[in-house]
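Enquirer: Assemble the dimeric complex from its two separately framed chains, guided by the hints.
For the record, the sequence lines run as chains S and X. Just so it is clear: in the first sequence, position 194 is 182 by my numbering, and no numbers are missing. Just so it is clear: in the second sequence, position 332 is 313 by my numbering, and no numbers are missing.
To be clear, the hints were calculated from the coordinates, so they are not data collected in a lab. Warning: the hint list may mix true and false statements.
Claimed, not checked - Pair ranges (Cβ atoms, derived): (1) X/G226 / S/S53: 31 to 41 angstroms; (2) X/N146 / S/S134: 40 to 50 angstroms; (3) S/S222 / X/T(-10): 51 to 61 angstroms.
Built from N, CA and C at the ideal position, the CB exists for glycine as well.
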Amino acid sequence: MKKLCLKVAAVEQLSPLVKRFRFEDPTGASLPVFSGGAHLTVEMPEGDMIRRNSYSLISDPYDGSGYEIAVRREDKGRGGSLYMHTKVAEGDEITVSVPSNLFQLDLRARKHVLIGGGIGITPFLSQLRQLDMEQKPYELHYAARSREEAAGIRLLPQAAHIHVHISEEGARMDLGAILDGQPLGTHVYTCGPDGLISAVADQTARLGWPKTSVHSEAFTAPPPGEPFDVVVKSSGKTVHVKADQSLLEALEAAKVEIDYSCRGGACGRCHTKVTACDGRILHNDHWLSDDERAAQQDIMPCMSRFKGTRLELDL
Amino acid sequence: MTMQFNDETFRGDYTYHNSPEAIRRFPFPFDQDTYMYSVNIEQHPGGPQGTPFEKMFDVDEHYVAEMKDREITLAEDPLRCQSLPHMELAGWDLLELIMVSKARDYPDLFTLHRDGNDWHWVNKPLGIEKNFTFLDATTLPCGPMEYITRQTQGDFALLHERDNNLWMDAGMITSQADWSLDFDVGMNFFEWHAPVPKARKMGVFDKALKFLLAVDQGQHYRRLNWTMTVNPRLDTSPENYHKWGPEKRTVTPENVGQKQFLRVELQTFFRLPRSNALAFPIRCYLMNLEDIASKPKWGRRLHRVLRDIDPALAEYKGFAVNQKIIVDYLSQFDDGAPTTPGIFPDV
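So that you can see chain X by itself, here it is in the shape it has in the complex (with noise of 0.2 angstroms):
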């Protein structure tokens, strides 16, 4: 195998860490100076190589300490998994989407042999190797939903599309920017999305959920999303809140470089064939400030975004409390130069 893993927790001592590799390949969400809710949608996959736009789905040197961290999730809380009956269909289909694509675009990783419904399928860096009939979900030892995104970074939402709407009828949330799949399962789109401050009254919501209904197969999309985090956690979830929630007071003006960390969920969106459903993955990429500073550009546009943004929005986003700290902290790499648009780094 090519690819190093990391040996590294997302909990307890918090040994994540990003090698010098993996910072130039963030996603850093902002092209420019400012920061306002937009229907950033572009084209997935496609992308400069080496990012994490390249491929379907991005496997990085955090894969198999994810995969360690979401089975502990699950073993404390079996809800963060959940699919209701008419989606079983809608899972197979996104087991095929994932396991054709991992084949193909790491071959030295995933390999998958079909002979009709007979299914082989070798994942080498967890050590899983799999025969099992395709659509034929007593051959699993769990659902395909399931099955598949133990083994694939990033939360998963399978949304079902009926009456000009769509529903939140499954998913694998586990790395949640503090949002809850056992509370928004079933809902539709308005439903789930009602807590975000502005966005319904920009018309942000009828204008995506008019774009995401008319995705076709074939055609696959993916936006950046982002918010902060204190140390790096991929559970923050609302069911654990008393766990990190108290973390956001432990920022101090000496650690904020090490332990507030910039989360950037890259969401894409496929059409699956068979149920005609909508898969919506979710994949966290966590980077610290220290690391973010490491590239002036980074460095300068983060600290003009953070201090200038919306007020409701530090509040939504979750670090209003530690606005003040972080901003002085960033300071220090804003000499006022112009930045460079896009969002790669200079250097």
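For reference, chain S alone in the conformation it holds in the complex (with noise of 0.2 angstroms):
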């Protein structure tokens, strides 16, 4: 994957959970443009560890003057998170890969609905920039529990297609009234909690959308979880996997070759077969059917973690 060596160019607190973090080229060269909904893989090195975490952009796509990115601390991450917010300040310097894009806005749709929850805003914010350059007809809902949770505000612009919806307020988001009266050709893009996809797949499934009209990105940072060991079944070398590390990053830290991309379990890249099962896949992807997790014969180690005796992979 190509790697860009870019500078903290600012970094701002937008609530207190959530820092906005822009980045440039010390040359002030222009960065490669990118599509709404896109993404970049930020490494995060300590000690002899290199962390890696996929963040949504959330600057302007057509902008090659920097990249922006809102990370949202989670103590009980593996520390990925805590890291951005600790770690890296302005002048810093910082390696990320070139922009990705699995979650695309699809402009064949005559209208774009655009729903998001909690942090799962961001994806949303560089796709609104892309749907208005392009002058496409759109909605976005963002909700959240609180006013002070909802770093998303300060990022919106004010226009009657936003609608913001705060629970504690008692505006809780009503996806049937959103769904429901669509004109034909409507797309909804879902990003946030895994609740809010399956709910808007129901809602979206009862009113008999399409589900090629139906999108999600519920992509999020590997869970931290016990410590287990791996056996890499060409060398017979065993990999031992941390609390706070995820399986790709120990199978990356042994010098295991392995492709990646997404490290959110959304993309299939790091799709890897297991030859040996003694215990339980801790399944935490997006990419495998439920009858390949029942399985126990594939796994993907960006997110997924394992309870057990033995656990080979096909490496």
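Expert: Take a look at the structure:
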């Protein structure tokens, strides 16, 4: 994957839990532009390991002067967002991937409905700029528990087609009202907690929307968990996965060659065959089907973990 | 201008010809003495100096004549260029990629000045100078994809990504190996490849699609494909089969060396930034058997490949009818000596 070495140009506290970061080329050169919904993978070196998390780009996709992301601090995470919040400051150097998109707009749509829950607002911040530039009709719905937590409000334009739903203020988002009566040819995009994504899927199914008009992105950072060991079939080597490390990160630290892109269980690039499994795979991805999960012959090392006595991977 | 452009035709009197330099740099597609499908993908650009792999979009002595031939084909059949409405943005991405690459790689032939979205483009070989506004199609005489591909050698397919598949939703196709954009437009990756024998069963397309979906911005790739064409004709389309199909029957042992061409496609893959579409340029190179055999390694190898090829592939590539004449002709250049690995000629 092509990498860019950038400079942290600005860090801003948007809400008690969310910070905005701006990265620019240290020589002032223009960066590759991108499409709405694209993400970056940020490298976070700590000691002898490199953590990598993917974050949606929130800046203008056609503006190559810089990239911006918003990071929510997860105190119970494996440390990636904490690293961003506590170790990254203006003027620092930072290594990121080129933008890549697993959540693009379908520009065939007659209308776009964007639904973001919590920090799931981030991919829509670049999408709505692209929709404005392409002059496509859209409406955006942003749901958050409280106004204090709703970091995205400061990044959203004030307009009649931008709707903010704060449940603490009694303005809970009503998906039925939003989705019913949309014109034929409308596409809906959801990003946020799994519950929100499945609620939109249920509602659109009830209303008879074609599945190909319903899009979602649920990728999140890999969760921490109990440490475990994994055996690499080709070398017979045992790799130890620490509590605050993902399986993919542990394999990378052990110099095992493995492909990746999103690092959030959505793109399928790190899909790996399991050659022996005595125990239970804790699948945390959005890639494998229910049957594949149950069979325990496949694993997505970017997200998933293991509990048991022996896990051997076809690597 | 340092490059000399041939005055030549790809139809009628067929005056197309390759200079000694064009022969030396021909992208001969066989790296060994046998052929079967493979996902033979390499990074692009990159290759020895002077080869067609060195630059993003190779410009050679056939440039001006190929663009004239495209103009004739489009005047007769405008449906060779189509772009579904949602693909205009991908067309702008392609225009930017080509203009920026050509101005950088061939500064004496092309220049591009950009002030925000106010662009000034100069194409010296074709005598074009144009001011226009980037992303505003009303400032060009036609859509952005058509505008730039009327000035760039090779066919172009623009593929829209959705539902974990690729859809051929736009293209400029005038130098194709017997397939039709008008038939394929709107089809997905498996649908437009359905006529290819054997490959689906071999799992080639599943692997190829998986690879293509994972192509990121900033990483470009290429592969070579090939077929055989009688006479140096770019437009071997199904629409015009009545014009070129019968020419296959004009091959004799006496004229096969001049009349039978190896047709090589340099296929490249680019992820486009704003549209997230994939650009799939297919550049066609033609060389007759006589010129190929002027390189001893190529003469030996082509004889062995075409003699031993799977009959289904000879049929699909359209030369089964002349296979014996071709192989007999090439046998005079094959002394049985071993060949060196790789595609480049030894001398």
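Enquirer: Given the hint of 51 to 61 angstroms, is the C-beta distance from S/S222 to X/T(-10) inside that range or not?
Expert: holds, 57 angstroms
Enquirer: Is the distance from the Cβ of X/N146 to the Cβ of S/S134 consistent with 40 to 50 angstroms?
Expert: holds, 41 angstroms
Enquirer: Between X/G226 and S/S53, does the C-beta distance stay in 31 to 41 angstroms?
Expert: violated, 55 angstroms
Hint 1 from the list above is the single one not met by this structure.
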